[in-house]
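**Student:** Given chain P, work out where chain R should sit, using these hints.
One letter stands for each residue in the lines below.
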Amino acid sequence: MGTLPLENVRVLELAHIVAGPAAGLILADMGADVIKVEPPDALDPSRIGTARSGSFLFFNRNKRSIVLDLKHPDGLDAFYRLAGTADVVVENMGPGTMDRLGIGYDALSQRNPRIIFCSVKGFLSGPNSDHPFLDELAQIMSGLAYMTGPLGKPLRAGASIVDIGAATYAVLGVLGALLERQATGQGQKITGGLFESALFFVGQHMAQTQFTGNPPRPTGSRTRGSPGGWGVYDLFECADGKHVFIGVTSNAQWGRFCHALGLHKLAADPKLADNSGRSQNRPYTIPVIEEAVLALGSPTVIRLMEESGVAVAPLNTPETVLQEPHVQAPGRLLHTEAPDKALDLPALPYESSAYGFSLRHQPPYQPGRDTRQVLAQAGYSPAEVDRLLQTEAAKVL
Amino acid sequence: MGPLPLENIRILELTHIVAGPTAGLILGDMGADVIKIEPPDALEPGRLGTGRNGSYFYLNRNKRHIVLDLKKEDALAVFYRLADKADVFIENMGPGVTDRLGIGYDELSRRNPRIVYCSVKGYLSGPYADRSSMDELAQMMSGLAFMTGPLGRPLRAGASITDIGAAAFGVIGILAALRERDATGKGQLITSGLFETALFYVGQHMAQTQFSGQPPRPMAERDRRSQGGWPVYDLFECADGRHVFIAAFNVSQWKKLCHVLGFTDLLAHPELQNMAGLGNARPWTMPRLEETIRAWDAKTLVAQLSAQGVPASMVNTPESVLDEAHLHAPQRLLNVGAGEKSLSLPTLPYESSDYHFSVRHNPAVRPGRDTRHVLAEAGYSPAEIDHLLQTEAAKVL
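Listed in order, the protein sequences are those of chains P and R. All letters in the first sequence, in the order written, are residues 66 to 462 by the numbering used here. All letters in the second sequence, in the order written, are residues 22 to 418 by the numbering used here.
Hints listed in this document are in silico derivations from the structure and should not be mistaken for laboratory results. Fair warning: there could be bad hints in the mix.
What follows is a list of derived Cβ distance ranges for each label pair [what the hints assert, rightly or not]:
no., chain 1, residue 1, chain 2, residue 2, range
1, R, N301, P, N73, 30 to 36 Å
2, R, G262, P, L424, 49 to 55 Å
3, P, P280, R, D318, 18 to 24 Å
4, P, G217, R, G400, 55 to 61 Å
5, P, Q251, R, S363, 34 to 40 Å
6, P, A338, R, P148, 31 to 37 Å
7, R, A346, P, S423, 18 to 24 Å
8, P, G396, R, T321, 51 to 57 Å
9, P, G217, R, A346, 24 to 30 Å
Predicted, not measured: the structure shown is a model, and the values here were computed from it. Beta carbons: idealized from backbone N, C-alpha and C, even for Gly.
In isolation and in its complexed conformation, chain P is listed as follows (with noise of 0.2 Å):
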């Protein structure tokens, strides 16, 4: 495998908990010398000892660590110097913090042209976009919650989608303008939104009511049974209680389905040929194949819907999932290392026919761990290194 993509990439993080450092550890994994930069008095909040630890090792791995006193004029002057030859800064402070500190896109920029300064923010440009947000908001605000909660409860998604998301596309907004700096030789300005981000996902929804000129209906209100969508497209309970989800997506599929669970009659019949044929009687079909599932164990029904081509899977937890062969499989997780244990977390999910993702520096739980190697970097001598030390400009904890 060759080298990874942005192996001469140098990177600042400046961000805390979820959003900011998942656009920082998506350009880590990818190579960059991803350099997160913690200030002494407001170290980042998901570090370890926090109710949020396993998710300050999930963002951080790959990244280096330097502690510095922003406000401290030579702990400044240090950032400065490491954003003279950075190509990207990564934010998610609070709104203005930048600019208060000195480190913001026009101070930068006005030292160093060819930077591109990345912030994650609740909001992009628009009347809101110095109010303060958070994923779950972005979820009630965009009306995703309103659509995965059964109606009249809407509920959150249970994993941080809008934060990953938001910073997945300001990481794209970063590659685009790498791109163009070769051609320029400029940098820019690049900012991610969580409110945009959950608005995006929802972007096919307000499609679809805007086309139709029906109103949303929640995915969470569909019932068992109900006609609708795809013909099959359900959890079962198996015999084991395990529960296993089915989708039968194609005329051929719904064919093997039926023959792989001995359901001849509902494979021959016209009614079910086509899925609007299949979705119309759901009330129907639904509680045949339930009664069939329910006959086997769960072993059986994946390996029979994997024979016949159809899409299985087994409701997992973030726990269970562990245990899938195909998660255990070289290349899909990368071994972190905690205090006292080893964590097995997820990689990027892509992969390049030109290389692999790997562990290169594990998260950083001991603040400014690389904080003399990181300013050695960027030319100060041992003497200057110690003098920062001491009249801590910089840190290690």
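**Tutor:** Okay, now just chain R, sitting in the frame of chain P:
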């Protein structure tokens, strides 16, 4: 505003439904010339006339459209001619389909070593690599549905977050590959996986459960107080029957909330001066909040709280979200033509200091809308184009 970052990039897209078309949408919005190819016997099921017609208009703007019957030799020759000059090929056909058609990665990269070939698939490499998957299945298998619904009632998130997420990661791989190609002259194969994308969303929970040794609990079951210890993190009903989600994460936000609601007596209350006190007081503060908020108009309340810096949002649907003033600011929505209708749909959820997004092509209601134009650009003479149309190797439907 400057040119879009991918203006000199040409993409061929052979995709259907959500995941593949979304990858093309992102690249198209970023300025690439995306040519969507549909086989006449396998037109996009998301097209007009099916239950998913709104979705088609969301995911297929900024693309040109050509119909080619890839099982005909002449059409395959047209495809090769287009692919020889293309920068990127995107597909999300079933396992093995592109190889069977003679347009797999090996064939296309042999002809055009610069091509970046992107497959959005159910699974990345590993034992399940040849299984088909779909968004909801990926949510079930990854543990995300378990985390979303109440205990014992797994729910999918109410949007195609896995399809859309996998598309974004595929595009991240493509952009990095384009940048590498500028240095090496060589393209590569990028694959992104639905299952792995859902797993990446769940990575935080995987980390948490392995780190703490505690089994994961669905987010819908969280006791909000024990989770974050936040003073307010709740849904409230307003006078107009609409629901508002309010979050106060610290004492300062709590006091701002009190000001807005006129709770001046609570400001100096000795039990409400720190986070622990605010948590303990919830049994009596919550009913008071609920009662007071029930007299407020939802929009007015959200406006006032937001102005004070208290995170708050209406519970919207994909329809009511269009009433948000933020969406009426420039650049938040694109007007997309859908036959006789015009739909207001989200732009990409990031912004750049250098360029804006816009609709350059409406979704092709008529399959093959741009067939003649694309063929002419590829160097076919008018007589040759007529011949291709007569033999139905190419079509305008």
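**Student:** Hint says 31 to 37 Å; check whether the CB-CB distance for P:A338 and R:P148 agrees.
**Tutor:** Distance hint for P:A338, R:P148 holds at roughly 33 Å.
**Student:** Is the distance from the Cβ of R:N301 to the Cβ of P:N73 consistent with 30 to 36 Å?
**Tutor:** This hint is violated: roughly 54 Å between Cβ atoms.
**Student:** Does 18 to 24 Å hold as the CB distance between P:P280 and R:D318, or does it fail?
**Tutor:** holds (22 Å)
**Student:** So does P:Q251 sit 34 to 40 Å from R:S363, Cβ to Cβ?
**Tutor:** holds (36 Å)
**Student:** Measuring from beta carbon to beta carbon, are P:G217 and R:A346 in 24 to 30 Å?
**Tutor:** About 26 Å separates the Cβ atoms of P:G217 and R:A346, which means 24 to 30 Å holds.
**Student:** Taking 18 to 24 Å as the hint, is the beta-carbon distance of R:A346 and P:S423 inside that range?
**Tutor:** Violated, at about 46 Å.
**Student:** Within 49 to 55 Å: is that where the Cβ-Cβ distance between R:G262 and P:L424 falls?
**Tutor:** The hinted range 49 to 55 Å holds for R:G262 and P:L424, with Cβ atoms some 51 Å apart.
**Student:** Regarding P:G217 and R:G400, is the given constraint of 55 to 61 Å on their beta-carbon distance met?
**Tutor:** For R:G400 against P:G217, whose Cβ atoms are near 59 Å apart, the range 55 to 61 Å holds.
**Student:** Cβ-Cβ distance between P:G396 and R:T321: within 51 to 57 Å?
**Tutor:** Distance hint for P:G396, R:T321 holds at roughly 53 Å.
In this structure, the hints that do not hold are numbers 1, 7, in rising order.
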